[in-house]
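K.L.:
Note that the protein sequences, when read in sequence, are chains A and B. Numbers in the working numbering are just positions in the first sequence, counted from 1, shifted up by 533. Numbers in the working numbering are just positions in the second sequence, counted from 1, shifted up by 79.
The set of hints was computed from the structure by calculation and includes no laboratory data. Think of the CB as a built atom: it goes at the ideal place given N, C-alpha and C, for glycine as much as any other residue. Worth double-checking, as some hints may not be accurate.
[Stated by the list, open to error] DSS-like cross-link-like pairs, simulated, lysine-lysine; straight-line CA separation at most 27 Å:
no. : chain 1 : residue 1 : chain 2 : residue 2
1   : B       : K201      : B       : K272
2   : A       : K666      : B       : K263
3   : B       : K223      : A       : K565
4   : A       : K661      : B       : K223
5   : A       : K606      : A       : K632
6   : A       : K538      : A       : K589
7   : A       : K640      : B       : K207
8   : B       : K86       : B       : K201
9   : A       : K666      : B       : K257
10  : A       : K569      : A       : K600
11  : B       : K274      : B       : K263
12  : B       : K274      : B       : K257
13  : B       : K207      : B       : K294
14  : B       : K263      : B       : K201
15  : B       : K232      : A       : K666
16  : B       : K201      : A       : K621
17  : B       : K207      : A       : K589
18  : A       : K666      : B       : K207
19  : B       : K201      : A       : K565
20  : A       : K640      : B       : K232
21  : B       : K207      : A       : K621
22  : A       : K606      : A       : K569
[Claimed, not checked] Have a look at the derived ranges for each label pair, beta carbon to beta carbon:
no. : chain 1 : residue 1 : chain 2 : residue 2 : range
23  : B       : P281      : A       : T554      : 50 to 56 Å
24  : B       : D312      : A       : T536      : 42 to 48 Å
25  : B       : N153      : A       : R575      : 47 to 53 Å
26  : B       : T237      : A       : H652      : 31 to 37 Å
27  : A       : K600      : B       : R323      : 34 to 40 Å
28  : B       : P281      : A       : G634      : 55 to 61 Å
29  : A       : E545      : B       : A262      : 43 to 49 Å
[To be verified] Per the computed footprint, the stretches of chain A lying under chain B, defined by three or more beta-carbons under 8 Å from a beta-carbon of chain B, are:
no. : region
30  : 579 to 588
31  : 658 to 668
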Amino acid sequence: MLTEKEVWEKLEVVKDPEIPTLSMVDMGIITKVEVKADESVRVEMTPTFVGCPALKMMEQMVYDCLKEAGIEKVSVSTNLDTPWNSNKITERGLLCLKKHGLAPPPKHEGEITQELLEHVACPFCGSKNTETKSPFGPTLCRSLHYCHNCLQAFEQFKPVV
Amino acid sequence: MNTPAIKELLYKMADDLLIIGHRHSEWTGLGPILEEDISFSSMAQDKIGQSQALFQLLHQLGEPDADTNAFTRNANQFYNAQFAELPNEEYDFSTVRHFLYDHADQLRFEMLAHSSYEPLAKLARKVKGELKYHVFHANTWMVKLAQGTEESKARMQTALSNAWNYALGMFEESKFEKELIAAKIFEGEAALKTKWIQAITPFIEKAGLKLPPEKEWNPVYGGRKNFHTEHLDPLVKEMGEVFRVEPASQW
Chain A
534 MLTEKEVWEK LEVVKDPEIP TLSMVDMGII TKVEVKADES VRVEMTPTFV
584 GCPALKMMEQ MVYDCLKEAG IEKVSVSTNL DTPWNSNKIT ERGLLCLKKH
634 GLAPPPKHEG EITQELLEHV ACPFCGSKNT ETKSPFGPTL CRSLHYCHNC
684 LQAFEQFKPV V
Chain B
80 MNTPAIKELL YKMADDLLII GHRHSEWTGL GPILEEDISF SSMAQDKIGQ
130 SQALFQLLHQ LGEPDADTNA FTRNANQFYN AQFAELPNEE YDFSTVRHFL
180 YDHADQLRFE MLAHSSYEPL AKLARKVKGE LKYHVFHANT WMVKLAQGTE
230 ESKARMQTAL SNAWNYALGM FEESKFEKEL IAAKIFEGEA ALKTKWIQAI
280 TPFIEKAGLK LPPEKEWNPV YGGRKNFHTE HLDPLVKEMG EVFRVEPASQ
330 W
């Protein structure tokens, strides 16, 4: 009998299409896995941003992964029952972001101020002598920064409440 | 559940987001600097995505699906405030509109996070966090441009004065206003407007700009009742062009 834990483990190979070091599980966007008595599997996901254009593609990737693992009946859906926020990224996920050259989002207490976005630690040299260039970057979930210490531009995965 | 009242509320919000999102997208490739080009493009993507989510709620209430609803109506079937459809003009007006609109939008979604209409409350709890970045961006540029040169300050003041009565038009009341408030679906346009003025005032002062004197306030209403400027029709035609040519096309 297939267990929910096994399904979660299988899903760890499904990576974010824009950050290939980060799994969707570590990103915190897979919110529910259910295995029914007939061994059919239902997965629920939630978007990082409502307008995320990769959402349909990510649903398909989850579906394909489980089908390839030999599960016959798979359904994947998206809802906002447990909305995503950046605190849902796992510790391992935060490390993956850093490895990919992205500053991980700081933990927040349910409130984000403009000050929290300034002086983000540089993912390359660790310096906080950095400057926010723009709250919007190449994808909805990233912002643009510049490090005055190692003189490099870098991106941050934004904190979101 | 008061379905006509909820539908009207969802339509005006969805249309505001869709139309202003389209206007923002017109900066793609034309922004004054690369970061700003990306910013308006990102905000366009957020807003159009958020409007799609609202159209999906409408679809659950029996209205057409999101694409059909967004791309096949004529200009005189839209519920957006006229403020949203005005042309971008130059960066001064676009920035001022973005500032005035996004403060209102953020506060509206914060209010709706407590709505008794749970599907909308769920969406609002998510969207209000995303909008923080739009408001941060707007606050930064309002102050930065108004404190640049004499010319930039004068241009920001002119843009603010020109935008103001249109911005007040965002708070045009619904014929269901009392019912929405009584049913705790939405706290109402008047309450929203009061909060909005409180929210924008510190930034306008910080920027060294002035609102028109209150006795000159003359809100431009009509958008919520399908009356629009001549600018909406060409926008709607351009926005729906591909869909109308091939409604069955897959993206």
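K.L.:
Are the hints correct? Go through all of them and say.
P.N.:
Hints, verified against the model:
A hinted pair counts as satisfied when its Cα atoms are at most 27 Å apart, and K201(B) with K272(B) qualifies at roughly 23 Å. A hinted pair counts as satisfied when its Cα atoms are at most 27 Å apart, and K666(A) with K263(B) does not qualify at roughly 41 Å. Between the alpha carbons of K223(B) and K565(A) the distance comes to roughly 45 Å, so the proposed pair goes past 27 Å and is violated. For the hint linking K661(A) to K223(B), the alpha-carbon distance of about 23 Å falls within 27 Å, and the restraint holds.
Of the supplied pair hints, the one linking K606(A) and K632(A) is violated, its CA atoms being roughly 35 Å apart against a limit of 27 Å. Between K538(A) and K589(A) the alpha-carbon distance is near 24 Å, which keeps this suggested pair within the 27 Å criterion. For the given pair, K640(A) sits about 18 Å from K207(B) by alpha-carbon distance, which is consistent with the 27 Å threshold. A threshold of 27 Å between alpha carbons decides the hint, and for K86(B) with K201(B) the separation of about 16 Å falls inside it, so the pair holds.
Proposed proximity of K666(A) and K257(B) is contradicted: the alpha carbons are some 45 Å apart, above 27 Å. For the hint linking K569(A) to K600(A), the alpha-carbon distance of about 16 Å falls within 27 Å, and the restraint holds. Of the pairs offered as hints, the one joining K274(B) and K263(B) holds, with about 17 Å between alpha carbons and a cut-off of 27 Å not exceeded. Pair hint K274(B) plus K257(B) holds up; C-alpha atoms about 19 Å apart against a cutoff of 27 Å.
Our distance criterion of 27 Å between C-alpha atoms is broken by K207(B) and K294(B), whose separation comes to about 33 Å. This hinted pair checks out: K263(B) and K201(B) have alpha carbons roughly 15 Å apart, not beyond 27 Å. For a cut-off of 27 Å, the pair hint linking K232(B) to K666(A) stands: about 22 Å separates their Cα positions. A C-alpha spacing of about 17 Å is found between K201(B) and K621(A), which places the hinted pair at or below 27 Å, so the restraint holds.
For the given pair, K207(B) sits about 22 Å from K589(A) by alpha-carbon distance, which is consistent with the 27 Å threshold. Of the pairs offered as hints, the one joining K666(A) and K207(B) holds, with about 23 Å between alpha carbons and a cut-off of 27 Å not exceeded. Between K201(B) and K565(A) the alpha-carbon distance is near 17 Å, which keeps this suggested pair within the 27 Å criterion. Between K640(A) and K232(B) the CA atoms are separated by roughly 38 Å; this puts the pair beyond 27 Å, and the hint is violated.
Restraint check for K207(B) and K621(A): the C-alpha separation of about 17 Å stays at or below 27 Å, so the hint holds. The suggested pairing of K606(A) with K569(A) holds, with an alpha-carbon distance near 10 Å, which does not exceed 27 Å. Distance hint check for P281(B) and T554(A): the Cβ-Cβ separation is about 41 Å, which falls outside the suggested range of 50 to 56 Å. For the pair D312(B) and T536(A), the supplied restraint of 42 to 48 Å is violated, since their beta-carbon distance comes to about 58 Å.
Judged by the Cβ atoms, the range 47 to 53 Å given for N153(B) and R575(A) is violated: they are separated by roughly 41 Å. A hinted range of 31 to 37 Å for the beta carbons of T237(B) and H652(A) is consistent with their spacing of about 35 Å. The hinted range of 34 to 40 Å is satisfied by K600(A) and R323(B), whose Cβ atoms lie roughly 36 Å apart. For P281(B) and G634(A), the Cβ-Cβ distance of about 37 Å falls outside the hinted range of 55 to 61 Å, so the restraint is violated.
Judged by the Cβ atoms, the range 43 to 49 Å given for E545(A) and A262(B) holds: they are separated by roughly 45 Å. With a cut-off of 8 Å between beta carbons, the region 579 to 588 of chain A has 6 residues touching chain B; three or more are needed, and the interface restraint holds. For the region 658 to 668 of chain A, the stated coverage by chain B holds: 3 residues have a C-beta nearer than 8 Å to a C-beta of that chain, and at least 3 were required.
Checked against the numbered hints given earlier, the structure breaks hints 2, 3, 5, 9, 13, 20, 23, 24, 25, 28 and satisfies all the rest.
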